[in-house]
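**Student:** Quick mapping for you: the protein sequence lines, in order, are chains A, B and C.
Add 364 to a position in the first sequence, counting from 1, and you land on the number used in the working numbering.
Add 364 to a position in the second sequence, counting from 1, and you land on the number used in the working numbering.
Add 364 to a position in the third sequence, counting from 1, and you land on the number used in the working numbering.
There may be inaccurate statements among the hints.
Below are the DSS-like pairs computed for lysine-lysine, each with C-alpha atoms no more than 30 Å apart in a straight line [as the list claims (entries may be wrong)]: (1) K489(C) / K700(A); (2) K824(A) / K489(C); (3) K824(B) / K697(A); (4) K489(B) / K697(A); (5) K639(C) / K697(A); (6) K639(B) / K700(B); (7) K697(A) / K697(C); (8) K697(C) / K639(C); (9) K639(B) / K639(A); (10) K639(C) / K639(A).
Quick list of simulated restraints, FRET-style, between CB atoms [what the hints assert, rightly or not]: (11) D437(C) / D385(A): 41 to 49 Å; (12) D658(A) / R454(C): 33 to 41 Å; (13) K697(B) / R454(C): 42 to 50 Å; (14) P675(C) / D543(A): 47 to 55 Å; (15) D658(A) / P675(C): 20 to 28 Å; (16) D594(A) / D452(C): 45 to 53 Å; (17) P683(A) / D659(B): 52 to 60 Å; (18) D500(B) / A462(A): 27 to 35 Å; (19) K697(A) / N389(B): 50 to 58 Å.
Only some residues are given here: those of chain B computed to face chain C with a beta carbon under 8 Å [to be verified]: (20) Q410; (21) S413; (22) S431; (23) G433; (24) T470; (25) A641; (26) H673; (27) A679; (28) G682; (29) P683.
None of these hints come from the bench; they were simulated from the model.
All C-beta atoms, glycine included, are put in the ideal place defined by N, C-alpha and C.
For reference, the chains in residue letters:
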Amino acid sequence: MRNRYFSSDPAQNSAAVALYDSVANLPLICPHGHVDPRLFADSNYQYGSPVDLLIIPDHYIFRMLYSHGISLDELGIPPRSGAAAPRDHREIWRRVCANWQLFRATPTGIWLRDELADVFGIHLKLNSCNADAIYDALEERLARAEFRPRALFERFNIEALATTDAATDTLEHHQAIRDSGWCGRVIPTFRPDAVVNIAGAGWRADIDRLSDVSGVHIRDFATYIQALEDRRAFFKSMGATATDQAALTAYTESLTASEAEAIFGRALRGESSAKDAARFTGHMLIEMARMSSDDGLVMQMHVGSFRNHNPAVFARYGPDMGADIPIRSEFTKNLKAMLDRFGVHPNLTLVLFNLDETTYSRELAPLAGHYPILRLGPPWWFFDSWLGMTRFLDAVVETAGIYNLAGFNDDTRAYPSIPTRHDVWRRVCADWLAGQLVRGFIDEEDAFEMIRALAYDLAKQTYRLED
Amino acid sequence: MRNRYFSSDPAQNSAAVALYDSVANLPLICPHGHVDPRLFADSNYQYGSPVDLLIIPDHYIFRMLYSHGISLDELGIPPRSGAAAPRDHREIWRRVCANWQLFRATPTGIWLRDELADVFGIHLKLNSCNADAIYDALEERLARAEFRPRALFERFNIEALATTDAATDTLEHHQAIRDSGWCGRVIPTFRPDAVVNIAGAGWRADIDRLSDVSGVHIRDFATYIQALEDRRAFFKSMGATATDQAALTAYTESLTASEAEAIFGRALRGESSAKDAARFTGHMLIEMARMSSDDGLVMQMHVGSFRNHNPAVFARYGPDMGADIPIRSEFTKNLKAMLDRFGVHPNLTLVLFNLDETTYSRELAPLAGHYPILRLGPPWWFFDSWLGMTRFLDAVVETAGIYNLAGFNDDTRAYPSIPTRHDVWRRVCADWLAGQLVRGFIDEEDAFEMIRALAYDLAKQTYRLED
Amino acid sequence: MRNRYFSSDPAQNSAAVALYDSVANLPLICPHGHVDPRLFADSNYQYGSPVDLLIIPDHYIFRMLYSHGISLDELGIPPRSGAAAPRDHREIWRRVCANWQLFRATPTGIWLRDELADVFGIHLKLNSCNADAIYDALEERLARAEFRPRALFERFNIEALATTDAATDTLEHHQAIRDSGWCGRVIPTFRPDAVVNIAGAGWRADIDRLSDVSGVHIRDFATYIQALEDRRAFFKSMGATATDQAALTAYTESLTASEAEAIFGRALRGESSAKDAARFTGHMLIEMARMSSDDGLVMQMHVGSFRNHNPAVFARYGPDMGADIPIRSEFTKNLKAMLDRFGVHPNLTLVLFNLDETTYSRELAPLAGHYPILRLGPPWWFFDSWLGMTRFLDAVVETAGIYNLAGFNDDTRAYPSIPTRHDVWRRVCADWLAGQLVRGFIDEEDAFEMIRALAYDLAKQTYRLED
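With the rest of the complex left out, here is chain A (with noise of 0.2 Å):
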């Protein structure tokens, strides 16, 4: 339907289906997510079943059906020692399909739902009913040439896809796919929370390996901050536009050169506290920044995850098992000694992403509305919803105005629900701003104008994919 999920008001209905259609071809550009590289480089790629698709990688589907008891392990999803997962993938799909009701009313569903009509053409609800037939459906429809990767990317009409990658990754596989003479525009991003957070368990082993893959030896801040420096450059020549950090909180602080000297000593020697590892996240944040402010790299920050909070998940299946939970969020005091030093720099955008709604209006959008490097991000996991959008819609643009905003990005590792996400963002603007159209907020020409900068030219501009 042309209309679906529009208002229900006749006036705002049809001024958003307008708004809706000037849209809806364009181009699809995502800039910020978590599709695998390896799914381009290979031309001949095979997704496995529909559950090693849609199911095993989507920890939306999966957390929901674990809060009603349903293991990890009946969901195929396999444990980190090894041990072999349930394969009887036909029936995690029934098991599924059975209980589907749970996603009743939820962005999980409403984007399954319209990836199955939308994407392989699908149009049954599932339930017990459905499941073999749906499961067959699918199977039939992976196995086609026209449902390929890169046949897809084409077909989404992507025009940019942006993927997260380690600081250490050598990004062979984005190699791979440059040599393979695809003209698609895979780009990778700079992600290097392992190696700054020295907290991590892993951290020790991924400074040697960021020494290796950079061919900087590290041994101290000064060479780290060269490696770190070195690996951006490569990111860069391989096509990124912007780098990423998550962080606890969005705290910073501007370490003096020995003190950052000093804890990053005690890390390497296994011998930093909490408090180091919160400081020097905060440190390191204001040297992306600076960093940033040299290359041009758009900087990125993901804030306010309580990562693995289930140790018992973590334990057996490891980390983005769909346990991360959201704390309280903190911008006006955390951001301010970033801001003091890079808050007006002309080379800077920062995007700011948080899970922390009571943000947007009181902090996000009052920062975005006066420090030129900032730019908020759409809403964040839980809040890339019908739902979710329009409250950050309504707590934000009153303040920034849509022009502090960018745009919009998908941030999944479910590749075929790209198109759908990209649709339930420009549903969700061009309702938003039928409302305002009809109750004589903003005019025609400001309306068009508007939907076409929230469905495409913010997310172009802000992430510097112009060219």
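Since the structure of chain A is already known, use the hints to place chains B and C on it.
**Tutor:** Structure of chains B and C alone, referenced to chain A:
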């Protein structure tokens, strides 16, 4: 009006009517509230005057009048000193009616209006002109047998009604109900707050009472736990299916055996500190979770109320006088110690209530959408209102779905308001689901199954009232 | 358009029109704002250029332009050094118009549009094409006698306008207004921030000024209090009905006499600490409550703004340059010390403002629905917007009703925007009440009385402007 309170959008309005009609006559499940069991112990119970029934027990009403300078004495509230309260209840009623404009657009105003109309058949608007006529009509109704508590219980179609009872309560009224042969299901709820809060003024005396009623001489932490377990078994034998605890924060901490013993010893000697009290409460929340995982009583937590904020009111009238004020809450970190131990226990259900709406989308829905033991209680206290309940659904359903909710409970001392409160909840849900339906997020099958779950099934299942 | 901004639902829209029409022509009560009293002291006051009037004093406008890389110099903002600011105001105006898309869907954009149309009769949309025509039209209007401040005051139908004035202000302009025989009611407001904030750079000099203007030689805390009381009496004699204090937090604390004296002594000697300053502010909030309970001046508190967040802007241009950013607020614990002493005082009214919307439903409405002295100010600053005001009503009315609100105040430096701001508030209230009406929460009698209270009566009563 069948469609009262529903959206004025014609499509949503008619969908809401259909959804509402499908559940309007379902029995009421009342798994948490504060109705006095004496109402049902005596088949010939007398309510007293309309003011005794409708004003004096209802702090929602007298807090608002107090905020406009009307003293609680003027409203007939008895001082704790035992001094006589004004007894001219007709005069008090006139005072309430003369100020009824204060309640415009409040749930309190809506409840009383609907209750007068639907329960008492009085279709007048409270004001100075109507005060006497309404008072007379209420007196006339209250004298009739068909308005006795048991008669109303049946007319209200209450399937189960849980009271809230101190751990030291002998449940004599519940016993009397059972002995009477009346078959209304009125059950107790185990609330150990007074014997858990070692900072409470009456704690030591309550411990003695706990020793007495349990027959366990409490001399250390082990005997204290034994006494609590015995009381829980007694409550369960009297029909209880749930416990309830109130805490200022959701802080949990697993004390070592010797720490628990040391704090308990200091408390017995009157030497415990504020920090002791907070840690002890945090430990006892985990202990109660452990006991619930053993005996199957559903655990409830009410978090975030700063009790007795106004010292003048507390000194003169005691607790529960409309002077409790919410504070900010936190769950992600605070509940972790408990969830680490019991978050996936197959025999535990934990229902969370709180007064900080910011936790809905940020913490509660993400937690409930992951941990199997968690269910979210309906909006509590100030948020048990049309907009409050709508915001709750908006904030939690997209992340947790509806099947991680605990349905509704009326949480009231005001017995005749029970059907009205359930009616408002059912109408909110019908209107909210109608909005989802007309916009195409859900289909009709979903909507009709969801309204039934929200109106009836979820409360019954969550509180294990199925048999 | 009579129905601009109202819901597009036909039933709600027509109800909103009827409600709005009933108050559209009521006089304006302006009990809190920042208009310069000089405008009224001189019957022949000249505004300067359109940029002098509309851009340079309005940080809502230039902060947004600054966020897109336009320097404040380019907008004609004078540096505090006294260096000349650019004076080609037509060029500045063109720059503003060329970037006016930034203000789409913002209250700033709406205010200026409505102000141009309703006050100046200019029905053009700001853009590069229209810039010169609008500038010319504005210049023409500003030269006409009918646009002089006093003429507009009468045309705006302002019943009372309060300015905001330092405790050390001699109120010479207010005296000149009185002496002029013009009968517009322009009154001062006592704002002691500069002499209360002992951490302020200019505090010591301000204390000397306070000694001078009060004639009380301030040598200790007692004489300081005496001087403040004298100034309050002077302000009251000049027509003031209210005071105002800004504080980073709502923290209150009753210092002992010797503690207050000690901190004040350290401050006089330039030896006070940050903690001293916070405690002293907390104590002085209670002292001001005490003084208000004596002299009857309504007390206002504005809480939660981190002032001068951008050090580069502050260094070059000084305060109030659009670089104040909200922080999280707390009232339940912070106000307790004050409320314990004055929460039910019959002669005190305390109006609370803040920038953290999460406190609306969690703390402010519950507090205002209990304590007789409290009234909630309208949404402040970033939240003085259609959606901000709607969220405010949604969040507080169900708990506190409307009669614990303080009505509206425009809080503006931008004199010609006053009628527009009141108009938006009246429209928000009309639309909100229309929604309540068509859904059946309130009836017509309620709705028409409520709109009048919100538009006019509550502000007049709260600020004791009745005589």
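**Student:** Checking against the hints above, which ones are violated?
**Tutor:** 1, 3, 4, 13, 17, 18, 20, 21, 25, 27, 28, 29
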